[in-house]
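Residue numbers (our numbering), protein chains in the order written: chain G, -7 to 255; chain B, -7 to 255.
Source of the hints: derived by calculation from the structure; they are not laboratory data. Mixed in with the good hints, there may be bad ones.
The following label-pair restraints were derived from C-beta to C-beta distances [claimed, not checked]: (1) G:Leu203 x B:Leu101: 37 to 43 Å; (2) G:Pro79 x B:Glu28: 30 to 36 Å; (3) G:Val143 x B:Thr76: 36 to 42 Å; (4) B:Glu173 x G:Thr(-6): 40 to 46 Å; (5) G:Pro212 x B:Gly92: 57 to 63 Å; (6) B:Glu145 x G:Tyr166: 53 to 59 Å; (7) B:His95 x G:Arg32: 52 to 58 Å; (8) B:Arg164 x G:Arg(-5): 55 to 61 Å.
The beta-carbon is built from N, C-alpha and C at its ideal position, and this holds for glycine as well.
These are the residues of each chain, in order.
2 protein chains.
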Amino acid sequence: MTRNIKLVVEYDGTGYCGFQDQGRPDRPTIQSVLQEALARTCQEPVQVIGAGRTDAGVHARGQVVNFHTRSRIPVERFPAAVNTQLPWDIKVREAAEVPGDFHARYWALSKTYRYTWLVRATPSPFWHRYALFVPRPVDVEKMRRAARHFVGEHDFAAFRSTGGGSKSTVRRMYRADVWRENDLVHFEIEGSGFLYNMVRIMAGTLLEVGLGRRSAECVPKALASGRREELGSTAPPHGLTLMAVAYPDGGGLENPEESASTG
Amino acid sequence: MTRNIKLVVEYDGTGYCGFQDQGRPDRPTIQSVLQEALARTCQEPVQVIGAGRTDAGVHARGQVVNFHTRSRIPVERFPAAVNTQLPWDIKVREAAEVPGDFHARYWALSKTYRYTWLVRATPSPFWHRYALFVPRPVDVEKMRRAARHFVGEHDFAAFRSTGGGSKSTVRRMYRADVWRENDLVHFEIEGSGFLYNMVRIMAGTLLEVGLGRRSAECVPKALASGRREELGSTAPPHGLTLMAVAYPDGGGLENPEESASTG
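If we strip away everything but chain G, and leave its shape as in the complex, we get (with noise of 0.2 Å):
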């Protein structure tokens, strides 16, 4: 019999070329390396689907991934066996079985994102792979006010780099915020689904506003005009990162409580 499993998994991106699978051995993937893993652990191939496609460098703390396999190893000894076919760089927290029409992509009802800025006068070692270094003050209540114009339900035709294949650009956001914690700049975007480069198109925007370049009024402006233009520049990868996804009853689990949870 096959079985459906869901998996909560974390990365930090930095050693490879995006979330999805480009068919070069050269160009190490997060699911190339997912497969890889779980074909040992499994022995047989295994197909992962991944919620979010998440670009060259970008991290997860929360991606979801699921698989369909005939091996009967039970669910909650997943994380353990998996994790040690994985590098140091890429962990699975969770494991659940899952109907068996669950599709990690489409089931998702929205995703979480992430960026952050280190913002101090000097680098810090601890946080170069994890924040953009920003060594001007900004001013963090006006990235909100900003932030706050990306809420409902709009269309992201300027929020896009050309490559992505989407054919509609009208998105929901559910929450945007913005916040200071110490020396670090967090923005935060919970939506039903992001185009490509979308979030880091935000973040661009939301700096330059922060850094007084640009008004928080291009935000507005642009989501009524569709220019790309009007806004900032497309934030690097590394300050990014895929936080959580959300799906109908608890992960499209029966019992949810039943996960293997590693909290």
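Dock chain B against chain G, hints included.
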């Protein structure tokens, strides 16, 4: 005229053979990399004196060093100037001019070290370099009780690996605490000085106490007996960070407010 410059330095020690230069170019040290960067900045050879000789793989958020130079670079420009010459994993946070007889090691009143464990079922890519992974629950209250026995003036002969050259093994600990922060457990200790591997033996012992493999009473017993074998194993270096070094009157400065802080 020669000036004496004090620097506060942060580093990720993963890629280095400790702080202290060993005269082997194939084994880079924090000291050798700092000296090379400062020599390029000051355009003359520079000898760096460090407050704490951290082991290979140990990190620092507040290491303090000093060096003498005839360079006329204004002190407030030192952090940015040196940082352009340093790799991502070593960065200068602050610079200040100090009296000619200031010595980063001899003048230090106390040093604060922190040891961090990641206590949960699965390892984390984000803490892989900075915390020891512990996949079993620990009793933080027992660890705290054991740690409090460190406070005061004691003969720490039992808390030393062979290889340390100190004659006296008496040290004074000003505070010691253990606390939980989400999935992390931290042990932080401030003392007048530390013997070779002393904090790592303390941390290894506290973990065994937390796991129920050793009683908190082993600490006063080992302090009385001086027997290394009554304590736990030496914890691995990557969980350890030198947090701060304290000096009289704000670091040997005439006017601490004038230091080029980058907080």
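Structure-based check of all given hints:
1. G:Leu203 x B:Leu101: 37 to 43 Å: holds (40 Å)
2. G:Pro79 x B:Glu28: 30 to 36 Å: holds (32 Å)
3. G:Val143 x B:Thr76: 36 to 42 Å: Holds: the Cβ-Cβ distance is about 40 Å, inside 36 to 42 Å.
4. B:Glu173 x G:Thr(-6): 40 to 46 Å: holds (41 Å)
5. G:Pro212 x B:Gly92: 57 to 63 Å: holds (60 Å)
6. B:Glu145 x G:Tyr166: 53 to 59 Å: holds (57 Å)
7. B:His95 x G:Arg32: 52 to 58 Å: Check passed, 55 Å falls within 52 to 58 Å.
8. B:Arg164 x G:Arg(-5): 55 to 61 Å: Since B:Arg164 and G:Arg(-5) have Cβ atoms about 60 Å apart, the given range 55 to 61 Å holds.
Consistency note: the structure conflicts with none of the earlier hints.
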